[in-house]
Amino acid sequence: MGMPARKLEPVPAAKAAGAAVVELKRATPGFADRVKPVLTALWTNLLPPAVTIAILLGIWQIAFDRPGATLPAPTVVWSQAFDLIAEPFYVAGSQDMGLGWRVLTSLQRVAVGFGFAAIVGVLVGAIVGQSVWAMRGLDPVFQILRTVPPLAWLPISLAAFRDANPSAIFVIFITAIWPILINTAVGIRNIPQDYRNVAQVLRLNHLEFFVKIMLPAAAPYIFTGLRIGIGLAWLAIVAAEMLTGGVGIGFFIWDAWNSSRIPDIVVALVYIGLVGFALDRMVAFVATRVTRGTAAN
Amino acid sequence: MNAYLKLDRIDKSFKRGGTTSEVLRDVNLEIAQGEFVSIIGHSGCGKSTLLNIVAGLADTTKGVVFLDGTAVEEPGPDRAVVFQNHSLLPWLTVYDNVRLAVDKVFGRAKSKAERHDWTLQQLELVHMGHAKDKRPGEISGGMKQRVGIARALAMQPKVLLMDEPFGALDALTRAHLQDSVMEIHARLGNTVLMVTHDVDEAVLLSDRIVMMTNGPAATIGEVLDVQLARPRKRLDLVNNQTYLSARAAVLEFLYARHKAPSIAA
Ligand SMILES: Nc1ncnc2c1ncn2[C@@H]1O[C@H](COP(=O)(O)OP(=O)(O)OP(=O)(O)O)[C@@H](O)[C@H]1O
Ligand SMILES: [Mg+2]
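Protein chains in written order, with the numbering used here: chain A, 1 to 297; chain B, 1001 to 1265.
This is chain B alone, in the form it adopts within the complex:
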């Protein structure tokens, strides 16, 4: 496999006062272009930390992240992030939130009219064109998350990073957005790295599921290939044997072999 995104022997520890807490130890992962990879693990094991390292928002203690052959050193629009709590700027309209990213990334490459069209196009992609003049305070949580995705996609990132993008949503809205993400992934073929703690979501969306052991010093315990043909339909999978066994494998990893620290005790 030729690695598009490569995490090479990542260690991460936090120093606070005199104490050092080791969060990640020796994390190695290679992701091909166009692949959809999920990271799953118990709360506090270091999933967000790992994603932030890839985003460049946090630095490694040891090890390097390579994207498309170059080492990642700082945050940038080639690694757009969809944050868990949408992180839209409340004083800007939906349109302006996306437009800010478009202007910043394509300020030179595209004309003003092109940037306008591109912004609208991204909003249409997540079915939010109708609410473009609303402010984040005036739309629902699911809609905000859609706009967050549109903003990230608008940067045409090399990898799309998502940290529990649907964690705060109700089950129905979440299912809707998962379908949207699958549709977009099928259409655009983005490389996606997503953190989740929802087993069904991981199996439904991913090509591979990265399962992390518990902290401290968490690392990748196992990687599961999800060999389900795309496009995937949620309803068709209810009794699909591959789906069920993948789901069982993840559950077994999380709840039998690597119980959450509090449950294990």
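So here's chain A without its partners, still in its complex pose:
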């Protein structure tokens, strides 16, 4: 924690330095030897998906590369929507801008809604998980509410907020909060009695208990909830934006549909997929960082 180890004798440190020097004198492996494992890793990890994508594109191309096809073939998408693919960040007007900007706008909404959902979800989940009676009373309610589809919340939130942007954010919030809340509650409930006993013997107060025992002990559960939550949030934002309008990627798709720009829609779908994938990986990455050692016992 805070204190640096002050009793580190200099002798082993010097030894370590010596060892490092010896290390350097050893015959350095040839360039080919060092590059090889990297290449192998690239080969085994990138080649299979690349082949899969190539095959899928090929099938798509064959299926729709004919006059009168209802959907554009990949080559058509490439040529007709090239500006969208090549320039994610151009701005040429209030509704004419790169998909990068639109994605960022959507991400902003997701960040606010998901941020609130994370905070409220963890806090309420902690309370619910701590109290048997809160669990009994609230769990059925949560279980019912969480099955309500995101878009079903939209009219209600439009009625409440009378504005598109907060309504979209609210839909994100209400969509993402349930898995976070429920997983946190389960995580808190599963905190071993041993840890509670330790906290009691040490007389940790509520805040210390929350920060030092509850959060770390329930972290794997909390992150499971966050990961499901961010996925749902990203699903919901696209749908919500289709209805609320504005600048987001969801409205872009709706707009493109209304003006029959199908190739644009295809590009937007790829964007959405990639961003959703990145979000999921980000939360997973943070989770493995934060919960390292928590599960090991």
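Simulated from the structure, these hints should not be mistaken for lab results. Hints are not guaranteed to be accurate.
Here are the simulated distance ranges between beta carbons [said to hold, decoys possible]:
{"#": "1", "chain 1": "B", "residue 1": "S1043", "chain 2": "A", "residue 2": "L274", "range": "19 to 29 Å"}
{"#": "2", "chain 1": "A", "residue 1": "P192", "chain 2": "B", "residue 2": "H1130", "range": "57 to 67 Å"}
{"#": "3", "chain 1": "A", "residue 1": "N205", "chain 2": "B", "residue 2": "D1170", "range": "32 to 42 Å"}
{"#": "4", "chain 1": "A", "residue 1": "P140", "chain 2": "B", "residue 2": "G1034", "range": "29 to 39 Å"}
{"#": "5", "chain 1": "A", "residue 1": "P192", "chain 2": "B", "residue 2": "G1018", "range": "21 to 31 Å"}
{"#": "6", "chain 1": "A", "residue 1": "A41", "chain 2": "B", "residue 2": "L1172", "range": "11 to 21 Å"}
{"#": "7", "chain 1": "B", "residue 1": "R1187", "chain 2": "A", "residue 2": "T288", "range": "35 to 45 Å"}
{"#": "8", "chain 1": "A", "residue 1": "L207", "chain 2": "B", "residue 2": "K1015", "range": "43 to 53 Å"}
{"#": "9", "chain 1": "B", "residue 1": "E1074", "chain 2": "A", "residue 2": "P192", "range": "53 to 63 Å"}
{"#": "10", "chain 1": "B", "residue 1": "S1111", "chain 2": "A", "residue 2": "A159", "range": "27 to 37 Å"}
{"#": "11", "chain 1": "B", "residue 1": "S1021", "chain 2": "A", "residue 2": "T288", "range": "38 to 48 Å"}
{"#": "12", "chain 1": "B", "residue 1": "R1187", "chain 2": "A", "residue 2": "S131", "range": "43 to 53 Å"}
{"#": "13", "chain 1": "A", "residue 1": "R136", "chain 2": "B", "residue 2": "D1068", "range": "54 to 64 Å"}
Chain A regions said to be covered by chain B (calculated; three or more residues, Cβ under 8 Å) [said to hold, decoys possible]:
{"#": "14", "segment": "193-199"}
{"#": "15", "segment": "209-222"}
For every residue, glycine included, the Cβ atom is placed at its ideal position computed from N, Cα and C.
Chain A is fixed; fit chain B with the ligands onto it per the hints.
Okay, now just chain B with the ligands, sitting in the frame of chain A:
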């Protein structure tokens, strides 16, 4: 004897649904400062329950525990517990596990540097200084138990409570830790209350052995004084007459007069 820790007419029953099960009845015990007392008895007789009552983790149905003149009402660092399954926090390093206790107990009394030194000192006491930056998942069961002991000692408790601290360890590791505990007890003179079901461990470590009758409504059947001089050496005791007769007395109590319920039937 002036009682430092006093268990005064302790009754304990658990109510579940409509049924009440009486676990302890009329347990009386007085322990002097610096004394090492073991509680031994068959599984399920209520040893852990009794220890938890002293710790304040469980409350009594009737009766009071007094420590140093005041009644025990809730858990606290003056009655540090070494739990059977170490109960280290897996997300903290060995150092931080002990430091958490040190910060909580001495947060005001000691400066940051003093708390750091105190933490290291406790780890050295149980010979765990070398592993201070490891996490509990990376050390052996015996080492975890050592850290658990260091954490408890770090609180400078008035009584050290241990619930089968070495129960989950192999015989060699257990012997090592018993020696460590004897050494620490000799050095610091702690008052210790330990639950065990190992007869040799009880005789080797204790000044007195409290033998409990079988439940339900278990109570103290007999208290045996172990009149062996300290420091005690495991090897010297192999043929020691006092040791052997103390051992025989406990065995006789447990297996002749108060057989385990399943054996008795
Ligand atoms: N929370 C509880 N609710 C109901 N009954 C309990 C509870 N805790 C313990 N008991 C009962 O009290 C009795 C004594 O349990 P305890 O754990 O104290 O035994 P023990 O002597 O420590 O046994 P062991 O040697 O196996 O650890 C048992 O019959 C147990 O079923
Ligand atoms: Mg027990």
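A quick look at each hint next to the structure:
The supplied range of 19 to 29 Å is broken by B:S1043 and A:L274, whose beta-carbon atoms lie about 59 Å from each other. Distance hint check for A:P192 and B:H1130: the Cβ-Cβ separation is about 28 Å, which falls outside the suggested range of 57 to 67 Å. A hinted range of 32 to 42 Å for the beta carbons of A:N205 and B:D1170 is consistent with their spacing of about 39 Å. A:P140 and B:G1034 have their C-beta atoms about 56 Å apart, which leaves the hinted 29 to 39 Å range violated.
For A:P192 and B:G1018, the hinted distance range of 21 to 31 Å is satisfied, since their beta carbons lie about 29 Å from each other. In this structure the supplied range 11 to 21 Å is violated for A:A41 paired with B:L1172, their Cβ-Cβ distance being about 44 Å. Checked against the given bound of 35 to 45 Å, the beta carbons of B:R1187 and A:T288, roughly 43 Å apart, stay inside it. Look at A:L207 against B:K1015: about 33 Å separates their beta carbons, and that is not inside 43 to 53 Å.
Taking the beta carbon of each, B:E1074 and A:P192 are about 20 Å apart, not inside 53 to 63 Å as hinted. The hint said 27 to 37 Å for the Cβ distance between B:S1111 and A:A159, and at roughly 59 Å that hint is violated. About 46 Å separates the C-beta atoms of B:S1021 and A:T288, a value consistent with the hinted range of 38 to 48 Å. At roughly 45 Å, the beta-carbon separation of B:R1187 and A:S131 lies within the given 43 to 53 Å, and the hint holds.
At about 42 Å, the beta-carbon gap between A:R136 and B:D1068 misses the expected band of 54 to 64 Å. A count of 4 residues in the segment 193-199 of chain A with a Cβ less than 8 Å from any Cβ of chain B is obtained; the coverage claim is therefore met, three being the minimum. Under the rule that three or more residues need a Cβ within less than 8 Å of chain B, the assignment of the segment 209-222 of chain A holds, with 5 such residues.
Against the hints set out earlier in the document, violations occur for numbers 1, 2, 4, 6, 8, 9, 10, 13.
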